[in-house]
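Student: Mind docking chain B on chain A? Use the hints.
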Amino acid sequence: MIITSKDFDKGIVMIIEEERLDAHNSNELKSQLMNQFEEGKSNIIIDLQHVRFIDSSGLGALVSGFKNAGSRDGSLKLCGLQKQVQSMFELTRLHRVFEIFPSEEEALASF
Amino acid sequence: MKNLLEVDIKVPNQTKYLRLIGQIGEDVAGALERFNDSDPEELAYHINLVLTEAMANAIKHANKNDPTKDVHISINLTDDLLSIRVFDQGQGFDISTAELQAPDPALDHGRGVFLIRSLMDSVTYNRCETGNVLEMRKSLLQHGGKKERGSGAES
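Chains as they are written, first to last, in my numbering: chain A, 32 to 142; chain B, -16 to 138.
Same shape as in the complex, but just chain A:
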């Protein structure tokens, strides 16, 4: 899984450079998130602008990261959701769990 990470004072932005976030690659996202937590980074923005498709495993990996960030007094926020991806968050009610922003800039400003 290709993820581009950008460090900012307020947190780290992880851009997922994949069209699909599914049962094939979601564990890799989990482990890359764990690497960030272990380096002491707990304010994380996941940029999903390139993700056209997400399944329950992809959603689960994000929930896992959200819980881990919270337990470290940080938070995990999302930005750049495409229309169909957004609708999956609504169907599973996860749009009530995550803070979701249109852009990376707006997500960073919220920390």
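Treat the hints with care, as some may be off.
Said to hold, decoys possible - Simulated DEER-style distance windows between Cβ atoms:
id, chain 1, residue 1, chain 2, residue 2, range
1, B, E(-11), A, K37, 44 to 54 Å
2, A, Q80, B, E25, 41 to 51 Å
3, A, A140, B, E112, 54 to 64 Å
To be clear, the hints were calculated from the coordinates, so they are not data collected in a lab. Being a predicted model, the structure only gives us computed values, none of them experimental. From the three backbone atoms N, C-alpha and C, an ideal C-beta is built for every residue, glycine too.
Tutor: The following block gives chain B in isolation, referenced to the frame of chain A:
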């Protein structure tokens, strides 16, 4: 009932094939556009999703990630019904206990069967000669608007 399209495919029990099967589902949705008033992009996503979820369940839960096993997928389209069957070669798993409502948002698992049930009209899981078959059906008879989603779809 006229049989419009039939796709049978057998793939190794590996998650790297989810993308291929999902794409075939999207292509089938292209054939469905003529019969359904749903947003074509949404319909393509939904068929991709139910295939991906069903196949991932077969690979991980039924076939226990055994790389020597296969998953057989059969898609059948008539003028009023889309039927998707996913055959595994395992002991099976109980889908009757899977949530009909959206699972607790704090859980990081357990949304797969909920999503399938939300997006399809009927879902059954039964023993067959070689293992088990998950059958998902969607009626194509409704016209004049989007079909109502299943429970838990409030936004």
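Student: Against this structure, judge whether each hint is valid.
Tutor: Tested hints:
Our hint of 44 to 54 Å for B:E(-11) and A:K37 holds, since their Cβ atoms are close to 48 Å apart. Between A:Q80 and B:E25, the C-beta spacing of about 19 Å breaks the proposed range 41 to 51 Å. For A:A140 and B:E112, the hinted distance range of 54 to 64 Å is satisfied, since their beta carbons lie about 59 Å from each other.
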